[in-house]
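Chain X is already provided as a structure; the job is to place chain R on it using the hints.
Number of protein chains: 2
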Amino acid sequence: MKILVSNDDGISSVGINKLVEELKKIGEVIVVAPATEQSAAGHSITMKNPLRVKKHFVNNSLFGYAVNGTPADCIKMGIKNILIEKPDLVISGINNGSNAAINVIYSGTVSAAREAAIMDVPSLAISVDSHTPKHYEYAAKLAAKLAKLVCEKKLRTGTLLNVNVPDLPEEEIKGIALTKQGISRWDDFFEERVDPYGVNYYWLTGKMEFLDSEKDRDVIAIQNGYASVTPIHFDLTDYNMFNTMKDWDLNSL
Amino acid sequence: MKILVSNDDGISSVGINKLVEELKKIGEVIVVAPATEQSAAGHSITMKNPLRVKKHFVNNSLFGYAVNGTPADCIKMGIKNILIEKPDLVISGINNGSNAAINVIYSGTVSAAREAAIMDVPSLAISVDSHTPKHYEYAAKLAAKLAKLVCEKKLRTGTLLNVNVPDLPEEEIKGIALTKQGISRWDDFFEERVDPYGVNYYWLTGKMEFLDSEKDRDVIAIQNGYASVTPIHFDLTDYNMFNTMKDWDLNSL
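Residue numbers (my numbering), protein chains in the order written: chain X, 400 to 652; chain R, 400 to 652.
Bound conformation, chain X alone (with noise of 0.2 Å):
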């Protein structure tokens, strides 16, 4: 199986190299991830920029692939100039952070992982609850199962897996959840200070507001201690919308 693996945390962050060693133990493994922290990076892409790579070691050997973008440039560059060829899987994580909820819209992690399936490459994105996790054993270990489950089961085209696991030790993981993204979103507001030449300048802040109850949930089934298995794509079409706005007559206008 060759794997293709990326992240949002940078391509030194121990969450990646976590998840690396792991997946060597079931497969060809190829890291392509960027230079520096992109968290937060959304699904932007550099269109303006011109991108590097650099060869990344660790202890003398070929660890990856650095480059100067986003995590959704990373999967492009990894699969149609490095790679040249689809790999079977590509793998995003693991994150330090959950990206349960309205995480999903803004994390990079889990774009890498959807730009993957826009390329109609199966994937998944793995975080641990917490931005300084002590425990990312067993994310990396269930990281690999789900591997091997999704090339024998198969996702739809276009579906890619959001996995979030509570940052506990494997025994005190109470299973896995197959969820639904929630509906828990930001408070947040930018607060204002002032620099030493007396301007003013916002720090982004805020709290998350709890917004679920559904047990099948993925913030509630995180809350739980079980493993968060979300199938999320990117068709973002609104159905129902879409019926009630049929009687709208748009025409009219």
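Treat the hints with care, since some could be wrong.
Which copy is meant is left open, because identical chains are indistinguishable; a pair holds if it fits in one copy or across any two.
[Claimed, not checked] Here are the simulated lysine-lysine pairs, BS3-like style, with alpha carbons at most 25 Å apart:
1. 645 x 614
2. 645 x 544
3. 645 x 553
4. 645 x 573
No wet-lab data here; the hints were simulated from the structure.
The following block gives chain R in isolation, referenced to the frame of chain X:
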């Protein structure tokens, strides 16, 4: 009607000026837009750097607020720090270039409107299908008409409208089509060049792979001379795959 306007081409672009001109006829307009072009910014947000906000004047009168961030940043900043209260509507555009089919994923214009939807503010994104549009007039008028319609008919919470208009004079527009997101996508790769110092660099380049044929897809409607209106949302859950995966027995992993 209080309307917050943003875009991804930047506060000085022609498109946002044409839009504001038209919207001022139907309500109070507040502009909070990126200081510089943010095309393909996706739904990225700025967390690791502070933001600056500058008043932007046109002919000595205040046009709006320029933020050195992404389109999504502008909406958060506009609603939470500048307006303080929620506007009745957010409109993002007028974008140079279609945001139909897969472009919706990469688009900063759509992400600005989507950030509003996440904040429970009705919103729409509007784009003209040309990178150098000759005809903003119809798009501007349509945005104003849809603004009124949306306030009257109400969108579902979390839904926004993605509007794409052919680059044609009003009299040549065939009508308004209610559409679904198309499946056409970019077949792109990175063109390799060598800098004056002998080092490789890579430019993203590619062509649209036209995969749509159904009449009610956004790209087909535009191609046929119609303005395309697609209701989209940010629940990425793939419910079909969710149902299929109930039989996967994840807990046996």
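Evaluated hints:
For the homomeric pair residue 645 and residue 614, the shortest alpha-carbon distance between copies (15 Å) is at most 25 Å, but the shortest distance inside one copy (33 Å) is not. When the C-alpha separation of residue 645 and residue 544 is checked against a cutoff of 25 Å, the pair qualifies only between copies, where the shortest distance is 17 Å, while the shortest distance within a copy is 44 Å. Taking the shortest alpha-carbon separations for residue 645 and residue 553, only the inter-copy value of 14 Å comes in at or below 25 Å, while the best intra-copy value is 35 Å. Taking the shortest alpha-carbon separations for residue 645 and residue 573, only the inter-copy value of 18 Å comes in at or below 25 Å, while the best intra-copy value is 45 Å.
Checked against the numbered hints above, the structure violates none of them.
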